[in-house]
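J.: Residue-level listing of the chains:
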Amino acid sequence: MNEERIVEGVVLILVLLGTGITLISSLGVIRLPDVYTRAHATTKSATLGILCILLGTFVHFAYFHEIVSVRLLLGIVFVFLTAPVAGHMVIRSAHRSGVPLADISVQDMLKDDLERMAKQSEQDRSETADAKPGAQGGAESPEREEPAGGDSGQSGERERSEDSDPSKRESGETGPSV
Amino acid sequence: MFDALLLLSLFGLTISVGIALYRIFHRSSTISDRVLLLDSLSFIIIGMVAIVSIYLDTVAFLEVILLIGILAFMSTIALSRFIERGVVIERRTDR
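Here the protein sequences line up with chains A and B, keeping their order.
The working numbering puts the first residue of the first sequence at 8, with every later residue one more than the last.
The working numbering puts the first residue of the second sequence at 130, with every later residue one more than the last.
So here's chain A without its partners, still in its complex pose (with noise of 0.2 angstroms):
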């Protein structure tokens, strides 16, 4: 009797707990100024919450039904492997899709990188279209163009940054795949 008492009371705590923190992670996300912020309030601590619930459950069937469900342990592992994957997916299209980050925020340190590469690429592609008509000639000019083109287009479509409409996206993204 006694130690059924205990195990109650563990179950309690661990889903008191779960419940706790997902209540936390909730004000993270009324209170946090934009979308990448409020992704660390949803990714991070509500899935440990739920991770506490889950546990919790899981010694409740395994003590008082002593049942040891596979099912469960798969879920768990299955929330704790994809809750942060499926969070770094949302982040990283809110970035390339141009969501404005919070007033507040002072650095954009993957702007500033992007931006770089763009630039490096770009450089590399003059110094290769200069070099391309000392050797081969005037008559490859038309293909020459073509790169060009498509870069700065590709570098245009990055910086119209509060464009939200998906037809317009999709005939210019050359993005590289995931």
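Read the hints as simulated data drawn from the structure, not as lab findings.
Heads up, the beta-carbon is just placed ideally off N, CA and C, and yes, glycines get one too.
Don't take every hint at face value.
[Stated by the list, open to error] Examples of chain B residues toward chain A, derived with CB under 8 angstroms: (1) Ser138; (2) Gly141; (3) Leu142; (4) Ile180; (5) Ser182; (6) Arg221.
Based on these hints, arrange chain B on the given structure of chain A.
T.: Just chain B now, kept in the frame of chain A:
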């Protein structure tokens, strides 16, 4: 006592669902916000199903946990790919 505290934590998760729905339907949230919060909403619903299965003392709902988890992951990936480039399944002829 045990059942009452389980109902209390179910109530707390209901408040979380309400907050997530408020942020989803809020006027100033972007489409990425909504996808992120639908993902977190499905995780909260997983927790609610787990608590309900303790409360009703049955193992019948444990498949539902795994199923909601898989569906939430797939739909989040599909929606974020759609936001990113306008297509979900990419063929070579689309590019």
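J.: For which of the previously enumerated hints does the structure constitute a violation, in increasing order of number?
T.: 6
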